[in-house]
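Model the full assembly from the supplied sequences, consistent with the hints where possible.
Protein chains: 2
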Amino acid sequence: MNLLLLEPEEIDREARAVVGGARASHVASVLRLAAGDLLAAGIVDGPRGRARVVEVTRERLVLDVSELREQPTPARQGIDLLLALPRPKVLKRLFAPLACLGVDRVMLTNAARVERFYFDTHVLDPSFVRERLIEGLSQARDTRLPRVSIHRSFRRLVEDELAIEAGTRSVLADERLAEAGPSLRSVLRDGGPADRLLIAVGPEGGWVDFERQLLEGRGLVGFRLGERTLRSDLACLLAVGLGRDFLSEPS
Amino acid sequence: MNLLLLEPEEIDREARAVVGGARASHVASVLRLAAGDLLAAGIVDGPRGRARVVEVTRERLVLDVSELREQPTPARQGIDLLLALPRPKVLKRLFAPLACLGVDRVMLTNAARVERFYFDTHVLDPSFVRERLIEGLSQARDTRLPRVSIHRSFRRLVEDELAIEAGTRSVLADERLAEAGPSLRSVLRDGGPADRLLIAVGPEGGWVDFERQLLEGRGLVGFRLGERTLRSDLACLLAVGLGRDFLSEPS
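Which chain is which? The protein sequence lines are A and B, in order. Residue numbering for the first sequence follows the working numbering, beginning at 235 and increasing consecutively. Residue numbering for the second sequence follows the working numbering, beginning at 235 and increasing consecutively.
These are calculated hints, taken from the structure and not from any lab test. Mixed in with the good hints there might be a few duds.
Same chains, same names: a pair is fine if it fits in one copy or spans any two.
Calculated cross-link-like contacts (lysine to any residue; reagent style SDA-like; alpha-carbon spacing at most 20 Å) [claimed, not checked]:
1) Lys323 <-> Val264
2) Lys323 <-> Asn236
3) Lys323 <-> Ile384
4) Lys323 <-> Met235
5) Lys323 <-> Ser259
6) Lys323 <-> Ser263
7) Lys323 <-> Ala256
8) Lys323 <-> His260
9) Lys323 <-> Asp467
10) Lys323 <-> Asp246
11) Lys326 <-> Ile384
12) Lys323 <-> Arg257
13) Lys323 <-> Glu369
14) Lys326 <-> Met341
15) Lys326 <-> His356
16) Lys326 <-> Phe362
17) Lys326 <-> Arg381
Shown next as structure tokens:
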């Protein structure tokens, strides 16, 4: 826990927060702080800084957060992800690292090869998603939640809902391009400068032709995933990693 | 399961393998194969190809593997990882993706900021490690196990045991270099061509000076990890991803 994150509604009018659970026990048992000590804290989608411990036991932590101020949070490179909904076991491990990497938007979509029951999982409950995202933000010392949205119609998402800002490079992991086709890096490099990146990653088994064509119609360019078949969570994380690298140093 | 992997000792003299558990139930219930069908199979550190189903129920699968032949397995780029032993919860999730990415060697080492009890975990049991590695190989359709070794003395590892082949670029994730210092990509690009890569990733809290100096003494060059603090498993996977990208297309 590099940054203790508080929900806005946990703060009272006197700028005090009272929390229990993992956060209290972490401060008491791992950080071993006592009343009067300072620790790195932030408010979700709000300021961060140093909070003062007013009272702490393993069950209960009282913080004075009056000194938290708006200040720059760690850099985000401007990456949006359009991801065919993975199976719950894979999906649940993806929220924290994506938040940690500073992805701006995660659009989870239906696709021909997505099983319908994937949408029924508790892993998509807003409270579960938020908890995992906060875990990733806390690791990265960030306070700003990525936006996560769920789209049951792929066609409506791509044709109507998907807003692509000017200056965005849009790419599409294409499992048909094993060793042929351009790498992500060459697609990025050869497309000229860009401020933002939209990355689409398909389901296990890949996009069907209709889906691929719809994405290409919105300007997404395919890149090869390579000869080794990666699970979709690993493919996502590596694509975001390469994308961050490109946006932070385009040459 | 993109490739069903068999242990050499599971094959009898008539080139038959009898297996149960997850592999049998996967073939019966997910792939829904029947006697006479072919499926992608391989032998750990051996050949791969098509095996014929002789008999299958959810509990028991009999395969004829007489047609498996030595054939090229998916490309590996020649990456070795020197990793300060992470805590068990983090470590156990790392073996499968590292095998999936085709890492050649994983050297798990002690360091000043590694807790001693990390070495006592069942996650380091050879059978547990092997099972997780095979899961990753199976995903990538590979048969060749990465070599995993455990080093209780960092100094002995770096001074005596660490063999660095000619043509290897050696780099060191350095958490002191937040936004200053070169990126991994610029370290790779500016160092000229290389056939292989050795990547060192430190413990939570980073290497101590003595360790960093020892690694630099063996020619490892530091790269920045960036302003967002990544958990060591994510840092590893992204560094391997960038390394693969560089080795496959150095320009």
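Broken hints, numbered, in rising order? Of the numbered hints given earlier, the structure breaks just one, which is hint 10.
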